[in-house]
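> Residue numbers (our numbering), protein chains in the order written: chain Y, 19 to 432; chain C, 19 to 432; chain A, 19 to 432; chain P, 19 to 432.
Please note that a few of the clues may not be correct.
Repeated chains share a single entry, so a pair holds when one copy, or any two copies, can fit it.
Said to hold, decoys possible - Straight line, CA to CA, 25 angstroms or less: simulated PhoX-like cross-link-like pairs of lysine-lysine:
1. K93 to K103
2. K293 to K130
3. K150 to K429
4. K338 to K24
5. K243 to K24
6. K429 to K363
7. K428 to K318
8. K220 to K243
9. K291 to K318
10. K253 to K361
11. K350 to K399
12. K130 to K264
13. K167 to K399
14. K220 to K379
15. K421 to K338
16. K429 to K318
17. K253 to K357
18. K338 to K379
Hints are computed from structural coordinates only; laboratory data are not their basis.
Protein chains: 4
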Amino acid sequence: MRNKLKIINDPVYGFINIPSELQFHIIEHPYFQRLRRIKQLGLSYFVYPGTTHTRFEHVLGAMHLMSNALHELSKKGQTIAEDEKQSALSAILLHDIGHGPFSHTLEGTFFKTLTHEDLTLLFMKSINEEFKGELDQTIQVFQNNHPKKFLHSLVSGQLDMDRLDYLKRDSFYSGVNEGEIGSERIIKMLRVVNNELAIEEKGIYSVEQFIIARRIMYWQVYLHKTVIVADEMLKRAIRRATVLSKNVQVFSTPVLSRFINEQITDNSIKESKEKLKKALDAFAELDDSDIIVSLKEWAKHPDTVLSELSRGILNRNLFKIEISHEKFPIEKINRIKQKVKEKYKITDEDTDFLVFTDIIKNKAYSTENDTGINILLNSGKISDIAEASDLSNINTLTATVEKYFLSYPKKLNF
Amino acid sequence: MRNKLKIINDPVYGFINIPSELQFHIIEHPYFQRLRRIKQLGLSYFVYPGTTHTRFEHVLGAMHLMSNALHELSKKGQTIAEDEKQSALSAILLHDIGHGPFSHTLEGTFFKTLTHEDLTLLFMKSINEEFKGELDQTIQVFQNNHPKKFLHSLVSGQLDMDRLDYLKRDSFYSGVNEGEIGSERIIKMLRVVNNELAIEEKGIYSVEQFIIARRIMYWQVYLHKTVIVADEMLKRAIRRATVLSKNVQVFSTPVLSRFINEQITDNSIKESKEKLKKALDAFAELDDSDIIVSLKEWAKHPDTVLSELSRGILNRNLFKIEISHEKFPIEKINRIKQKVKEKYKITDEDTDFLVFTDIIKNKAYSTENDTGINILLNSGKISDIAEASDLSNINTLTATVEKYFLSYPKKLNF
Amino acid sequence: MRNKLKIINDPVYGFINIPSELQFHIIEHPYFQRLRRIKQLGLSYFVYPGTTHTRFEHVLGAMHLMSNALHELSKKGQTIAEDEKQSALSAILLHDIGHGPFSHTLEGTFFKTLTHEDLTLLFMKSINEEFKGELDQTIQVFQNNHPKKFLHSLVSGQLDMDRLDYLKRDSFYSGVNEGEIGSERIIKMLRVVNNELAIEEKGIYSVEQFIIARRIMYWQVYLHKTVIVADEMLKRAIRRATVLSKNVQVFSTPVLSRFINEQITDNSIKESKEKLKKALDAFAELDDSDIIVSLKEWAKHPDTVLSELSRGILNRNLFKIEISHEKFPIEKINRIKQKVKEKYKITDEDTDFLVFTDIIKNKAYSTENDTGINILLNSGKISDIAEASDLSNINTLTATVEKYFLSYPKKLNF
Amino acid sequence: MRNKLKIINDPVYGFINIPSELQFHIIEHPYFQRLRRIKQLGLSYFVYPGTTHTRFEHVLGAMHLMSNALHELSKKGQTIAEDEKQSALSAILLHDIGHGPFSHTLEGTFFKTLTHEDLTLLFMKSINEEFKGELDQTIQVFQNNHPKKFLHSLVSGQLDMDRLDYLKRDSFYSGVNEGEIGSERIIKMLRVVNNELAIEEKGIYSVEQFIIARRIMYWQVYLHKTVIVADEMLKRAIRRATVLSKNVQVFSTPVLSRFINEQITDNSIKESKEKLKKALDAFAELDDSDIIVSLKEWAKHPDTVLSELSRGILNRNLFKIEISHEKFPIEKINRIKQKVKEKYKITDEDTDFLVFTDIIKNKAYSTENDTGINILLNSGKISDIAEASDLSNINTLTATVEKYFLSYPKKLNF
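Here chain Y stands alone, though its shape is the one from the complex:
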């Protein structure tokens, strides 16, 4: 047992303690160890070379913060039973287990309709079976079926331990220090009121700073235009390989090929319990390295579109990307497509893989507008941050912003 309570070195918090045996066993599980091979921020290391950190580190960090938050709330008189603590700790540890290669980058690529949250739930249930129901309550917390609603909010909510960790951690590794948030200060100000999380009034400024720091991290890091173009090129390379492989020989790693050849799809998951288990096992084998290895072969493939995209990613020879607040005029897009078509001698259909436009949203906000952040006023009343803050319109900070991008190969000689 001694060994199971060991300490993990973490550059962000110094040391992370594994709180109990249950978490130790989760961490040991191959489904979990896989997170070591999945970068937290997809291809953002093309812009911020330090961001090669993994989902593995992030969930350990989030567990560390959860441990602090539970300790803090208990100290302030909130009753949380030992098994409830275990559930919250396990839920945050497992909350990202459904992520695939390069995290958000390839979401929607291997399973069209299943989100990473859906997959997380499927993985949790699968591990729970192995663990003979030990995770029943963990799943309750994750799905917000637990009577102590605030436990779910700590896992997934406006100020959950997920965000408190990732903003701090991504800021650390990117070197964008001004995106650093006061995770510890916010945790010190947590309270539970009427079964909901709230922040003490004096924490208003920390919450405001949290909102703006998230904003800076979105536009400076997560949605940096170079990251956008790299992500889009990667998605298109995989789609191209999928399409091509119906007719010609296209190498993929054994694990990836099952997805490229569409042996495993959203449907496999629904058909039968065995198929589901098989699909999960297959997905659990997939990680960043399958993509990289496949790209290296694709870069040598005779198909110009596939090789152009793949080589571009591997050698960081990325397409040009333009950003605009308005939609790009169709004439401009067509003019570029024509150029590309001529240069590469490809069909119209193929050209769509090399010239593309879309909308970028700082999506993370949109869903968050549903629930506000509760402030516990000194008077004892609960107020929404939007009202409690002097910033009469803090909502504008969290509004969804939409921008358009247009991307295409460099050196078109206009």
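With chain Y fixed as given, assemble chains C, A and P onto it according to the hints.
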């Protein structure tokens, strides 16, 4: 000369180089060395024990940033002659030399009408005389009389080196890490357009974060309610000593007594050149230690009001402070005054020293609304941050916020 | 009570919790608040401008580490009763309360034979009386009379919380990052074996690094030659004022004058209980500010020796200092003395105040050689670090090193 | 050109400037971009999850320090022509380009006799051909054929920019803060004397700390026993796959298979210029991802030895490892081998893949004893650190330490 170009250890930036002999001589001047004895943040160490750092460090840090900024602008093609660089460096080094004990806390206490900027100018001129005009251009820059207007903006403007240093430094020493700004990133994005400073478009988010970080530092640190009450008690202790000393024996340090006894006032400065020089010399001798030593004697003075205030500050046994968005009702104030009057057996007039109410403004903003922050759009156009930012109403972030406080001795047994 | 368990912001550890009411009351005591006015590192801010931090912060930090260490040892199965924890926490909080102005700089100046540890004990006993014996066990721990010897070792020993804090803290404020030690890692590796502290075997390298970091901090910071000369000038200024004041008028602050005029000496403490209390109260009023204010007057005193020394310190116009591994030849010293005597037109006796030589030892080590650092080998055996380390002669790292310095006014025109 | 001088975000130094176009073109080269896919510290992320940083970041960091060092030396009067600066900058940028997957871990695996330095030179020459001789002088510096010997020392020597970066960087990512070195301080103290690098006398303590920090990083991180066992398992898995593939079908990624099937060996490089180019291109395609993908298939291979090793690495289910200062007794080893043989039902020969013992040396030191670190004494004389330091036997700090390890599968039920 070797020795004069030496390197100073700084916990914020690592190393600070003294750029040239002129700055070395300024730093050696007793008027300047005095800044070692003046805390940057007054009494804020009552809340943030780490904030015992001095004006001395701050101005060295600001000079370091100025050096980086000038280097950056030159690299981008802006012509700045060597003597202009020297002037900008000397101007930022001297910009705070007019500060008195505990910096902002006691502004308006020793000279009623002269601000620390006024005093800075007087000190600059005095040193310039000693330096035989070597600081002529420095003074031009400081007073915004230099044709290269942007040099003045680097010393005093929306994004001057003063702010870029103090926000970073105060955040560092207070431990309020979320107030950290991206000084270096902002400097990398500086440009001069039409003789004015501007920030490249991709720097918008850094500027937004700078604005919100300043906000958090104001409310969390500079205007923390415990700091407010300590500041107010100190101002009242000095005023009380001044009043008392007209009739009874009140010890002050030799240097302070010249101000307490009103031998030196705003008028002394205007009367004659000798009197001015004498006043400056006197003020240059005054520092935090005079206040502390005097407080220690005042704490033992028979006058209850003086001793109560002084003991409270020394032992951090501060008055109670209430904060409100509205004015406190006169009845409430009177009720408290009555209690205090009875408890301390003092006159109505004396009670006003122990029960006080006033308004707090995050003043720093108000003046700043005059000039905006220029953003150099990718299109080449200049736009104000308020327009360039997605935050439709970034102005609300910089609006002056007013709060009221009411303060009085503890343990009144209501 | 709520308020008493409050949290203190600390730039080194983030947040420090006050563990219980007893510590809160100690912190509130005026004897303790005084530590806010005593710089941790004397005059080292002349070299490292960031080192204006105080004893107050240091003891809070050491208490924080003690809290972590006690938690860690308990987790590993060592029984420590609640009252024993309280005693260890209070002992570390109070361990430096006997320090006078500028900490080590002026040790031996106001009381000739009493060390700061002696004074600490006297202050502890005095507070204990006020606290009606609540500190009985605390004093036991401090004096190493408590049966759980390891509690004393945590307060004062090879790897006590005092050192673990000050090395980390002084490294932080000086900017000498390479002097940073792994305080948290060392604490995680603490064990109690046979009532003594030991470090688990895997901690050997951290202990080695701790020893070398201490070494770097000694020579780079604590014993930096510029700090040495400033310290020595200050001691001599005070001695000069003491000597002079027997014959002529010399201003000192009211508090300091009682020491300068020798109203309070080592003897006062021994004579009677009242005199002891009076002496402690007087010493408790003394802080850095008394020295600074007095220096400002001394700088204007007609006595050349006093004014020369005082002005030099105030304006950081320090004497020249030479360092050597050997004693300086008497002829050289005499030659310099002659020059100084002539230049200042002073007596031989007075010259000794301006030309001085002495030995510097990294004293802190000498006493430490008594007890070694216990390593708990994986085999279960206890071994001294000197044997357990691959560094066959780690002792050389801790040996007392002696250097000589010779100091005298600049600009002697040799 | 504007774009080519861009700035890279780095969490360790903040910002890194690409000094000139030549470096920009090197960084753009696919051989160089490949370093993004090679972890700096092999499998150490099994112990320090933060250490997923890459060779790419390290060489950029080393280039940044080189830039500072050249600036510092120039400032001190050392003549360094612009083309010499370019060469030193390019040499440090390219010095690690010969590293293969997982850096040091697999050195000697794909090419038996060629070290990564040999490969670096081959890559440099190949790029130089492409660059039409632009790297002639760079290669001179790298090979120590340049008349300014100190340029080579900055690339490869006792205190080269390589070490100054990697110690700082690896300490940062591992969270072993006490291994942090004062890179910037050491650089500030560099001097060139007689065409050799030296450190100013006051830098002695920084050098001592550098030596001890390297020591702590070796034993705490680089040679951590868990890292050792993971490394050894990986090497054996690859060897096993190589052996097996002679007889049975063993999947490897297309790139790796050329090495596993021994199409490319040390010999290919010597045979002809075409074969050399082909071998380099093949090696340049190889990275961490090939190993991971292959391990995932090997984990499912019917060969027990291969699958046991591969699964162990993937799921961090590592073998037990014992460390000793003495050789392990042959009887003990044989007893374990017998157990393993029985448990896995394998031959004696196969057992050697699962039970292994070897020696660990902190190798990095051994070669370094050749040349010392020059200290430029205040007297103007040059002395070796071993003499200049008070540490009479600093050499013991750098002596090669040898330890033995014995490793075998867990759960053998002794």
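> Hint by hint, which ones does the structure fall short of?
Per hint list: zero violations.
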